[in-house]
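Protein chains: 2
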Amino acid sequence: MYVAKIAVLGYGTVGSGVVEVINTNNEIVSKNSGEKVEIKYVLDLRDFPGDPVQNILTHNFDDILNDSEVEVVVEVMGGIKPAYDFVKSSLLAGKSVCTSNKALVAAHGDELMSIAKQNDVSFLFEASVGGGIPIIRPLNRCITCDKVLKIEGILNGTTNYMLTKMGDDDMEYEDVLADAQQKGYAERNPEADVEGHDACRKIAILASMVTGKKVDFTEIPTEGITKISKTVMEYAKALGASVKLIGSAKFEGEKVWARVAPTLVYPNSPLYAVKDVFNAISVTGNMLGEVMFYGQGAGKSATASAVVSDVVELVKYKKNIYTAWTEEKQVLSDTSELVESKLIRVIASDTEKAKTAVKNIFGVSEFTTLPSKNDEFVFISQKEAQGVVCGKIEELGKAEGVKEIKNVIVVEEIC
Amino acid sequence: MYVAKIAVLGYGTVGSGVVEVINTNNEIVSKNSGEKVEIKYVLDLRDFPGDPVQNILTHNFDDILNDSEVEVVVEVMGGIKPAYDFVKSSLLAGKSVCTSNKALVAAHGDELMSIAKQNDVSFLFEASVGGGIPIIRPLNRCITCDKVLKIEGILNGTTNYMLTKMGDDDMEYEDVLADAQQKGYAERNPEADVEGHDACRKIAILASMVTGKKVDFTEIPTEGITKISKTVMEYAKALGASVKLIGSAKFEGEKVWARVAPTLVYPNSPLYAVKDVFNAISVTGNMLGEVMFYGQGAGKSATASAVVSDVVELVKYKKNIYTAWTEEKQVLSDTSELVESKLIRVIASDTEKAKTAVKNIFGVSEFTTLPSKNDEFVFISQKEAQGVVCGKIEELGKAEGVKEIKNVIVVEEIC
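Chains W and E, in that order, are what the protein sequence lines are.
Each residue of the first sequence is one higher than the one before, counting from 1 in this note's numbering.
Each residue of the second sequence is one higher than the one before, counting from 416 in this note's numbering.
Hints in this document: simulated from the structure, not taken from any laboratory.
A hint or two may mislead.
Said to hold, decoys possible - In silico DMTMM-like cross-links for lysine to aspartate or glutamate, where the CA-CA straight-line distance does not exceed 20 Å:
hint, chain 1, residue 1, chain 2, residue 2
1, W, K316, E, D535
2, W, K147, E, E453
3, W, K359, W, E394
4, W, K147, W, E252
5, E, K446, W, E252
6, E, K768, E, E781
7, E, K503, E, D535
8, W, K31, E, E743
9, E, K670, E, E743
10, E, K628, W, E27
11, E, K446, W, E254
12, E, K788, E, E649
13, W, K147, E, E435
14, E, K690, W, E413
15, E, K562, W, E35
16, W, K213, E, E442
17, E, K565, W, E27
18, W, K31, E, E669
19, E, K645, E, D594
20, E, K446, W, E328
21, E, K628, E, E667
22, E, K446, W, E327
23, E, K731, W, D120
24, W, K406, W, E195
25, W, K147, E, E442
26, W, K31, E, E667
27, W, K31, E, E742
28, E, K562, W, E20
29, W, K147, E, E450
30, E, K670, W, E27
31, W, K255, E, E442
32, E, K562, W, E27
33, W, K150, E, E442
34, E, K788, E, E767
35, W, K275, E, E828
36, E, K562, W, E38
Using the sequences and the hints given, assemble the complete structure.
Pasting the structure below:
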């Protein structure tokens, strides 16, 4: 059996998982690749005395780049520098690359795919979205005869864990954050997760795959979960629903909208039951209807499994497999055009007057209150263009009896 | 652009869906195939005056077989005869075939894949399991570096609809069956669905894909939903759970167990939230953990979309894509070895004596009762080998105070 030599860049959590998957399941990996898969190098700045990886460890990327035996490079370092340079030079040297690095794919995927194509090698990134969940390859190989109308998903496990805890265990934001940090789900600096930046890059990748053009993640309106509290979750529960951080993209004719926002999700959505650190991505096609992919969105072994499934493809198919999207830019439409409802939480100085203002401005007279909160209520606005709703919210904020508009949350539209 | 000519065998529900998908989404289908996809023939015994399909309709399969221009044959007639003969001769004539026909795949898939390989064409069957849900290709192209430990799924939409109605709408079996028939979800003769035969063929296909050997569906212990009643669903609810018809296969070393059975599923399983006609298939890998694929398990457009996604693969890749399993037979292990719990429903002539018997025989003293049912209760047995449990159930059936053991339901094991 021919031996395919690969190199792993980075021996952190995912990197050590990749080494473990390839070693533990070598028979399966090799059988499905059609060649024996062998790790020739692991690149890391650190040393790992006592770890068998030490025998194949290098601190110098050039060892890998200049070794013509290495046909697949696995980039699991994370970050843009030096990952971008390493991946680019690997592709230019005729080596295929796979990565779990969503930041890299969202920022430079278009260019790297184009370089891969020119060199008849591939740049794959199954693990960059949804961790272990197969989603990139299914989008590329299964959902191939549908016009995709919508992709939406719970794309970040940390925030989903925090929202689950707030809702089910009645905990406050600060306490669930501390708990998530203590469990290793959240970083000491949790910004990338809680501000929605991580989910934003992932929905940018998915939307780019659908349109075949580059969706610039910096242009996606992104709101995280920092304004969500135990109280908001109580209101959601009182409405028979839950709040999830949803990354979504909608496609209508030439128009594309993308967004990351806390969203009120009802039990008739398959995303409702997705709890804790799990992720799920739902894809709606014009023929297929809605399909959903569910699983562990992070974690060493699950993510590593997705990375190694790319290695199998690369070893098996050698040549350029596909270019998911080109360098052409996808223009995003203004989300203020979206016609939908919002859950609006009003803190009142005079509850009756505030409710009257809602009736006059929004034409809504159904309110939800919590026994423990006398000076506030929520309501769900009628479906209309978000631009219009924003104007009304501003008007309501100034109305007599209204102290503050505390939360405005998207209400998921069920197809 | 090169034009790929295809033929569709059968203009029933799925067949007309295939024609619709290819015509409506022709631009997408052709772009992803790399060639313009055109339907040259539709085979059906009937005529369809007024339907544009009439122009490409033939009643004679030989027209298709002898036309060297036809490179892909889509078999959506269902049943074994004459589908098997048509598929076999198409493959022997060097045409690739895709099918939605689970009966054909479960009975003759091994032989047809082997013929396809010998002729360097392919036999694909994405739509045979889970309707529109991508599962065959993900198993084959994504879950390629894991040892699969378990596959289980809600594989039949009709029975899932019926169970949902019994549980949520408090309806009796006969009424939900009539309702499902009226809605077109269940056949006039509902046996294939309600007795579990349909789910049995699907789990046989999935298990064969995992082992690479032929799992004989006639050897899979199969129980349908005919013994499930509104009362059973009430007990499940009282236990905070639900009953689903689950097709499952477990893999441990060289051992393989497969089964179809009504199963008590708790909310911590992702299958719990799968309601109505939806299907879901969960796959557990030794590295990946659990991933689940969810969507419409039947229906014209969704199933047709899966069929056409196979057409795209066949037109794009031409040569033999893969052989999912060989003609070698997979020996199935005895499910009486499985160590698990059962939900057991006891009708008592003397409730106290019956409970004492349960305590003595099963060592269980936790019982669940319903306010409306005085002379009966359920309990959950401790985890032990099913062979042992069966012996105890027999003993309990003869014990004083016990009138009848009315239901015995598998309790889903959460990994």
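Consistency of the hints with the structure:
Annotation: proposed proximity of K316 (chain W) to D535 (chain E) holds, straight-line Cα distance about 17 Å (limit 20 Å). For a cut-off of 20 Å, the pair hint linking K147 (chain W) to E453 (chain E) stands: about 18 Å separates their Cα positions. A hinted pair counts as satisfied when its Cα atoms are at most 20 Å apart, and K359 (chain W) with E394 (chain W) qualifies at roughly 15 Å. Of the pairs offered as hints, the one joining K147 (chain W) and E252 (chain W) holds, with about 9 Å between alpha carbons and a cut-off of 20 Å not exceeded.
A hinted pair counts as satisfied when its Cα atoms are at most 20 Å apart, and K446 (chain E) with E252 (chain W) qualifies at roughly 19 Å. With a C-alpha separation of about 14 Å, the suggested pairing of K768 (chain E) with E781 (chain E) holds against the 20 Å cut-off. This hinted pair checks out: K503 (chain E) and D535 (chain E) have alpha carbons roughly 14 Å apart, not beyond 20 Å. Pair hint K31 (chain W) plus E743 (chain E) holds up; C-alpha atoms about 17 Å apart against a cutoff of 20 Å.
About 15 Å separates the Cα atoms of K670 (chain E) and E743 (chain E), which keeps this hinted pair within 20 Å; it holds. Annotation: proposed proximity of K628 (chain E) to E27 (chain W) holds, straight-line Cα distance about 17 Å (limit 20 Å). Between K446 (chain E) and E254 (chain W), the direct Cα distance comes to roughly 17 Å. Compliance with the 20 Å bound is thereby established for this hinted pair. Taking the CA atoms of K788 (chain E) and E649 (chain E), the gap is near 11 Å; set against the 20 Å cutoff, the hint holds.
A threshold of 20 Å between alpha carbons decides the hint, and for K147 (chain W) with E435 (chain E) the separation of about 13 Å falls inside it, so the pair holds. Pair hint K690 (chain E) plus E413 (chain W) holds up; C-alpha atoms about 19 Å apart against a cutoff of 20 Å. For the proposed pair K562 (chain E) and E35 (chain W), the alpha carbon gap of about 18 Å is at most 20 Å, so the pair holds. Taken as a hint, the K213 (chain W) and E442 (chain E) pair is honoured in the structure, with Cα atoms around 17 Å apart against an allowance of 20 Å.
Taking the CA atoms of K565 (chain E) and E27 (chain W), the gap is about 19 Å. The hint holds against a cut of 20 Å. Restraint check: the Cα-Cα separation between K31 (chain W) and E669 (chain E) comes to about 17 Å, which is no more than 20 Å; the hinted pair holds. Using a Cα cut-off of 20 Å, the hinted pair K645 (chain E) and D594 (chain E) holds, with the two alpha carbons roughly 15 Å apart. A distance of roughly 17 Å separates the Cα atoms of K446 (chain E) and E328 (chain W); the hinted pair therefore holds under the 20 Å criterion.
Annotation: proposed proximity of K628 (chain E) to E667 (chain E) holds, straight-line Cα distance about 15 Å (limit 20 Å). The straight-line distance between the Cα atoms of K446 (chain E) and E327 (chain W) is roughly 18 Å, inside the 20 Å bound, and the hint therefore holds. For the hint linking K731 (chain E) to D120 (chain W), the alpha-carbon distance of about 17 Å falls within 20 Å, and the restraint holds. For the proposed pair K406 (chain W) and E195 (chain W), the alpha carbon gap of about 17 Å is at most 20 Å, so the pair holds.
Taken as a hint, the K147 (chain W) and E442 (chain E) pair is honoured in the structure, with Cα atoms around 10 Å apart against an allowance of 20 Å. In summary, the hint linking K31 (chain W) to E667 (chain E) is supported, as the alpha carbons are separated by about 19 Å, within the 20 Å threshold. For a cut-off of 20 Å, the pair hint linking K31 (chain W) to E742 (chain E) stands: about 18 Å separates their Cα positions. For the proposed pair K562 (chain E) and E20 (chain W), the alpha carbon gap of about 13 Å is at most 20 Å, so the pair holds.
For the proposed pair K147 (chain W) and E450 (chain E), the alpha carbon gap of about 18 Å is at most 20 Å, so the pair holds. For the proposed pair K670 (chain E) and E27 (chain W), the alpha carbon gap of about 18 Å is at most 20 Å, so the pair holds. About 18 Å separates the Cα atoms of K255 (chain W) and E442 (chain E), which keeps this hinted pair within 20 Å; it holds. For the hint linking K562 (chain E) to E27 (chain W), the alpha-carbon distance of about 10 Å falls within 20 Å, and the restraint holds.
With a CA separation close to 19 Å, the supplied pair K150 (chain W) and E442 (chain E) stays within the 20 Å bound. Note on K788 (chain E) and E767 (chain E): the hinted pairing holds, with a Cα-Cα distance of about 14 Å set against a maximum of 20 Å. Of the supplied pair hints, the one linking K275 (chain W) and E828 (chain E) holds, its CA atoms being roughly 19 Å apart against a limit of 20 Å. Taking the CA atoms of K562 (chain E) and E38 (chain W), the gap is near 18 Å; set against the 20 Å cutoff, the hint holds.
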